[in-house]
Amino acid sequence: MMTRRLVLGAGAAALICGPARAADPVDPLQSISWADMRDQFLEGGPVVFDDRVVLSAPDAAEDALQVPFLADAGAIGPVTRMVVFADLNPIPLILDYRPGALAPLIAARFKIQQATPLRIAARDAQGLWHVAGQWVDAMGGGCTAPALAHGTDDWTAHLGESEARLFDRAGRRRLRVSFRHPMDTGLANGIPAFYIERVELETPDGRRLGDLATFEPVAENPLFTVEIPAALELPGLVVRARDNNGNIFRRQVAL
Amino acid sequence: MIARLAFLVLMLWSGLAQAFDYGLKATPIAPDTYVVIGTTEHFNRKNGGNIVNTGFIVTAAGVVVIDSGPSLQYGRQLKALIAGITSAPVTLVVNTHAHPDHYLGNGAFEGVSIAALAATRQAIVEAPPALLDGIYRLVGDAMAGTQSAPPTETIEPGARDIGGHRLRFLAFDGHTAADLAVLDETTGVLFAGDLAFLDRTPTTPHADIGHWLAAIEALRALDVRLVVPGHGPPAPPPRAFDQTAQYLQWLARTLTEAAGDGLDAAEVMALALPPAFAGLAVAREEFARSVAHLYRGYEAAVLGRQ
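These protein sequence lines are chains A and B, in that order. Read the first sequence against the working numbering and you will find it ends at 1013, with the numbers running on by one and no gaps. Read the second sequence against the working numbering and you will find it ends at 309, with the numbers running on by one and no gaps.
Take the hints with a grain of salt, since some may be wrong.
[Said to hold, decoys possible] Output of the computed footprint for chain B on chain A, the stretches with three or more beta carbons under 8 Å from beta carbons of chain B: (1) 812 to 818; (2) 824 to 832; (3) 931 to 944.
[What the hints assert, rightly or not] Looking from chain A toward chain B, a few residues come up when the C-beta cut is under 7 Å (computed): (4) ALA865; (5) MET897; (6) GLU921; (7) THR983.
Quick caveat, the hints were computed from the structure, so don't treat them as lab data. As the structure is a computational prediction, the values presented were derived from the model and not from experiment. Beta carbons are placed, not taken as given, at the ideal position from N, Cα and C, and that holds for glycine.
All chains, full assembly: derive it from the sequences and hints.
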């Protein structure tokens, strides 16, 4: 209710003040890049900062190559997209998840280049973006450092190897799935961008459940966490990951 | 007005030019034996990186220094502190392990033998430059002039008589790949390095919890009157052993259970800490750091490979 009132208010203010920008909610993280982020990733759609969207992440990055985060938009009702980005990273966009039939929850890890706001924007069925975020402090360098895989001789032999397991989370089933991949950003000297760009979640007979677009900042050997609602009956699940060189890694999980 | 402004500028300039003052104090804990107790905080600008205990033993064959502190300035001020207590020269500096708060003061002891276990020497030499950058970033001016000055000799485990003190050098691992503890059998003081913490949450960037617990058990078996932990106040045994071991056991159990429950690292970092540990200095921050250091190993153990 509160949310709707805010949006109506914003609309009214826009009519009176002219450019919609004037009525935008003030960024609680006071990032200089917020307006750009919004234009680039939220398609200029209406925005509300909403504490009901939960973003869990550390206040400071102990490991600039692996900063964990979990975004949960379950409290705001049906969600069509979840976009996670870090304003001040050289490549801000981390992932764009369309949960579809799955729960609006996603966890992964990202590479951090310097202290930055980390944000989750969840779009509800009405097209309103619910945004939450926090600052993550960092010494940095995570995006321009070579992946650890390049320090080994045999990483290509293990490319795409996968680990997966289902966990029971109070009725919801949680899938954690990882793939061995360097996830090169292209920003480390002499190493071209090479990263998984799509992770599709399907039923064994090919029906799409959820669709995850992933970008350069996702950490090496990515580990994704998603949840299957209790009400969704499934015989099994197929996870198909594709990188920007056209490699496809397929992982079947029995439920 | 202009004169006053000039005076102000001068004051400011001289303030900046002045070296950071650590205000080090030597606490006598046994005959000839002193400890310089650091804060139980994280590196910050106010403490200049003084988050660590250093110590020294004044022997008839010179002063033995155990750990040199977090910066060149700290090392220099430690040297001056010692000179105010004895006219004997420092003849040996020992680095208990390869964490920067324990060895970055080495530069102040030029010309003195600086000794560490072989693996500690190697780790100090191989430490990435980013490590020093990170501490400069956190500590600022107090780090001025600090560079890594690696140990000059390898210390072999065993007992050595040094100027009337029988010092037993004990080699373990678990906090890092090589952890030296120094037992002065003459006084019963154990310099435990970071194998023991007290009232300050243990750190785990290079930890192997199983090995660390085994090292603590070995330390318990020694004839010790007073334990000087790497961080936190000196106390008779077994307080620091008990607290460090209990925390590590809890940490291992918590990470095992979290991985079994399918928690993501970000969720684990946010878990409530039990009362026994929530009151330890920097508990919340250190626990989150430990999740970053260790949780991947626990996750790998429960996720099935294809």
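How the hints compare with the structure:
1. 812 to 818: holds (count 5)
2. 824 to 832: holds (count 4)
3. 931 to 944: holds (count 3)
4. ALA865: holds (4 Å)
5. MET897: holds (5 Å)
6. GLU921: holds (4 Å)
7. THR983: With a closest approach of 5 Å, the THR983(A) hint holds.
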